[in-house]
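**Student:** Sequence:
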Amino acid sequence: MTLLREGGVVAWRNLLNIRRNPGSLVTGVVQPVMFVLLLAYVFGGSLGGDAYREFLVAGILVQTLTFGTSLTAIGLANDLHKGLVDRFRSLPMSRMAVILGRTTSDLAVSALSVVVIVVCGLLIGWRVNGTLTEALAAFGLLLLFAFAVSWIGAVIGLTARSVEVAQSLGLIWLFPVTFVSGAFVSISAMPAPLAAVAEWNPVTATATAARELFGNAPPPGLAPPEGWPAENALLYSLLSSLVIIVLFASIALVQYRRINRR
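The sequence shown begins at 35 in our numbering and counts up one residue at a time.
Don't read these hints as lab results, they were simulated from the structure. We put the beta carbon where it would ideally sit given N, CA and C, even for glycine. Possibly wrong hints are sitting among the right ones.
[What the hints assert, rightly or not] Computed beta-carbon distance windows for the label pairs: (1) Ala226 - Ser124: 48 to 56 angstroms; (2) Ile293 - Leu38: 21 to 29 angstroms; (3) Ser202 - Leu269: 30 to 38 angstroms; (4) Pro126 - Phe209: 35 to 43 angstroms; (5) Phe77 - Asp120: 44 to 52 angstroms; (6) Thr165 - Arg54: 37 to 45 angstroms.
Could you build all of it, start to finish, from the sequences and the hints given here?
**Tutor:** Put into structure tokens, the structure is as follows:
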């Protein structure tokens with residue numbers, strides 16, 4: 035409970051900082067709108083029209099939440115190199131609270147991104163064809179995934195030597211992870227090595243599980259994903275998120291302790 039309370043204080047501080055510097059919300063709010071409109075109307079016409087737009091929204095949701103890790107990386111690197119982490123270190127508080135506060139505040143930004151994408155999706159014709167319970171489960175799964183990948187951003191932010199390096203490292207891995215997946219296209223059309231990676235990519239599983247819960251079937255021109263991860267997309271997505279949290283939270287804590295010893 036002490037850790038949660040201290041992490042909540044740090045998270046609130048981060049949210050107040052976002053309010054004073056709203057430009058940091060560009061990645062979470064403006065970027066998804068651009069991707070929705072570009073992919074829906076530039077590529078959507080040749081990939082299935084209205085049916086592809088329904089298929090697209092879950093992929094945009096997962097991609098945007100994954101890209102949110104850059105916000106975590108930059109935020110932690112900025113706090114580290116401005117000396118704020120040293121001030122936290124002088125206080126009688128948990129080491130994990132600083133990192134937990136950052137990932138929690140970024141989860142709030144991720145929730146805002148989800149709202150923006152849902153509104154854009156409704157405007158372009160996307161609809162939830164499942165039940166309310168299934169839709170809520172889909173949003174919960176997406177936010178769990180966002181919280182999980184934010185710990186990857188935390189490791190990058192604590193490892194980078196400067197804010198600029200954190201920004202570069204926080205973005206360079208995102209494009210292959212999100213595009214070598216089933217978020218936007220069928221993985222059956224990919225070369226065999228890429229298809230194998232995309233099949234086990236947590237981005238693919240999370241997008242597939244969200245589509246199933248939303249009731250959004252793939253358009254006729256896109257073959258549905260196959261294999262164990264696709265057939266058990268919900269389970270695989272949950273397990274992937276939990277493994278990412280445990281693994282990268284442990285690495286982030288070790289890295290934070292190393293910083294404290296510098």
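**Student:** Compare the structure with each hint and give your call.
**Tutor:** Here is how each hint holds up against the structure:
In this structure the supplied range 48 to 56 angstroms holds for alanine 226 paired with serine 124, their Cβ-Cβ distance being about 54 angstroms. About 23 angstroms separates the C-beta atoms of isoleucine 293 and leucine 38, a value consistent with the hinted range of 21 to 29 angstroms. The supplied range of 30 to 38 angstroms is met by serine 202 and leucine 269, whose beta-carbon atoms lie about 35 angstroms from each other. A C-beta distance of roughly 42 angstroms is found between proline 126 and phenylalanine 209, which places it inside the suggested range of 35 to 43 angstroms.
For the hinted restraint 44 to 52 angstroms between phenylalanine 77 and aspartate 120, the CB-CB distance of approximately 47 angstroms keeps it satisfied. Between threonine 165 and arginine 54 the beta carbons are some 41 angstroms apart, a value that agrees with the proposed interval 37 to 45 angstroms.
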